[in-house]
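Let's have the full structure, built from the sequences with the hints guiding it.
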Amino acid sequence: MSNDPEAEDAPEETATAEDAEAVDAGAVEDADEHDDGSESETEETEQPEDKEEPSGFQNGDFVELDYTARTVDGGDLVDTTDPEVAEEADVDADRELEPRTIVLGEGHIFPSVEGDVVGKEVGDTGSVVVPAQEAFGEYDEEEVRTVSKDKIPEDERYPGTQVRIDGQEGFVETIIGGRARVDFNHPLAGEDIEYEYEVVGEITDRQAKAESLLETLLDLQLNVHFETDTVEEEQLVEEEDEDEDGDEEADAEDESEADTEEEGETDEEDDEPEYETVEVEKESLYIEATPELTMDQQWMFQKQEIADDLIDFLDVDRVVIQEILEGTPDMGMPGMMGGMGGMGGGEEDIEAALEDADIDADIDTDELVEELEES
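Quick note: the sequence shown uses this note's numbering, first residue 1, plus one each step.
No lab work stands behind these hints, which were simulated from the structure alone. Quick caveat, the model's predicted, so the values are computed rather than measured. Any given hint could turn out to be false.
[As the list claims (entries may be wrong)] Keeping only pairs whose Cα atoms sit at most 20 Å apart, straight-line, the calculated EDC-like set for lysine to aspartate or glutamate is:
| hint | residue 1 | residue 2 |
| --- | --- | --- |
| 1 | 303 | 106 |
| 2 | 209 | 98 |
| 3 | 303 | 323 |
| 4 | 209 | 66 |
| 5 | 209 | 309 |
| 6 | 282 | 308 |
| 7 | 209 | 121 |
| 8 | 282 | 229 |
| 9 | 303 | 219 |
[Stated by the list, open to error] Label pairs and their in silico Cβ distance ranges:
| hint | residue 1 | residue 2 | range |
| --- | --- | --- | --- |
| 10 | 125 | 237 | 51 to 61 Å |
| 11 | 179 | 105 | 41 to 51 Å |
| 12 | 322 | 178 | 49 to 59 Å |
| 13 | 282 | 72 | 48 to 58 Å |
| 14 | 118 | 92 | 32 to 42 Å |
| 15 | 164 | 141 | 13 to 23 Å |
| 16 | 234 | 311 | 13 to 23 Å |
| 17 | 280 | 105 | 23 to 33 Å |
| 18 | 217 | 175 | 32 to 42 Å |
| 19 | 278 | 169 | 43 to 53 Å |
| 20 | 176 | 204 | 52 to 62 Å |
We put the CB at the ideal spot given by N, CA and C, even for glycine.
Dropping the structure here:
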């Protein structure tokens, strides 16, 4: 055994160094394994998962629904597309009852009903309760107000009459003295509404989509067609890119403009955009105007919004309202009977016309014929 302490410590140091190398090597191996695992996990994460496409109808689809809506509490009929249901409830419909077309996701019916229809297919049925808050609102006692009876026309001053006061619709409850108590709540406020429906069809044809959508929005049956028109349009002229060799000229122009600004002179014409007239093709939806459409209140106030919906849903460039005026048959000169027009009418024709007109005055037909021939 050696008495040298350094000699005794040397093997320990060597062992320690070897252990350190082993530890480092192990750490490197662990790190490599960890990196390999991370890369593997990353590769697995990056691999796209196969997602199943949703089945049934989705938002944006044109769906035909047959439905009946009633109040939950009293079972009172609110709305229906079934003529037999309307007849049983003694409801005199002001239009022909038939399945209604809605575009899912566009608010054509209450959201709860839309959400239930999503995923359904033709032939499926469903039942949905629309809460009062979503339907026609909760009943608000503060909406029952007292107003001067002078705001109500005399022939409407009795309980139950629907009136319009200061832009609000309401129903007269009582009239005492010079005051009237009016309920401005919706008649169905506070009522939960139950919808029972059946999906009866889907519309995919563009023209049928246009016609059904107009009927849904305006309750009018209108003739429509599509055309591709060539129209003139003003377009902004794009400036040409400068060549690389023109950098010096650009710098010179910049210096010149700087000098001009210092002198207080500006050339506003150079800043104005330049336009040119070009011919472009636009796909147009033509709607044949009718007297009913022209006089429709909703159309008059919301025609731009309705046109935007049609452009969006049908993927067209514009909507054209086409008014067609047919010529009237030739009825002769104004004021003349029987379409004589002063030409070719003999005495017998004039006498017959006078008899048809039931004119009792004494008229010399010979003189009348001569005057007409001279004219």
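A quick look at each hint next to the structure:
1. 303 x 106: Distance ~17 Å between residue 303 and residue 106 Cα, so the pair holds.
2. 209 x 98: holds (16 Å)
3. 303 x 323: holds (15 Å)
4. 209 x 66: Satisfied, since the Cα-Cα distance of roughly 17 Å is no more than 20 Å.
5. 209 x 309: holds (12 Å)
6. 282 x 308: Status holds; Cα separation ~15 Å.
7. 209 x 121: Roughly 18 Å separates the two Cα atoms, so the pair holds.
8. 282 x 229: holds (5 Å)
9. 303 x 219: holds (14 Å)
10. 125 x 237: 51 to 61 Å: holds (59 Å)
11. 179 x 105: 41 to 51 Å: Since residue 179 and residue 105 have Cβ atoms about 47 Å apart, the given range 41 to 51 Å holds.
12. 322 x 178: 49 to 59 Å: holds (54 Å)
13. 282 x 72: 48 to 58 Å: holds (49 Å)
14. 118 x 92: 32 to 42 Å: holds (34 Å)
15. 164 x 141: 13 to 23 Å: holds (21 Å)
16. 234 x 311: 13 to 23 Å: At roughly 20 Å between Cβ atoms, residue 311 and residue 234 fall inside 13 to 23 Å, so the hint holds.
17. 280 x 105: 23 to 33 Å: Check passed, 31 Å falls within 23 to 33 Å.
18. 217 x 175: 32 to 42 Å: holds (38 Å)
19. 278 x 169: 43 to 53 Å: Holds, since residue 278 and residue 169 (Cβ atoms, about 50 Å apart) stay within the stated range.
20. 176 x 204: 52 to 62 Å: With a Cβ separation near 60 Å, residue 176 and residue 204 satisfy 52 to 62 Å, so the hint holds.
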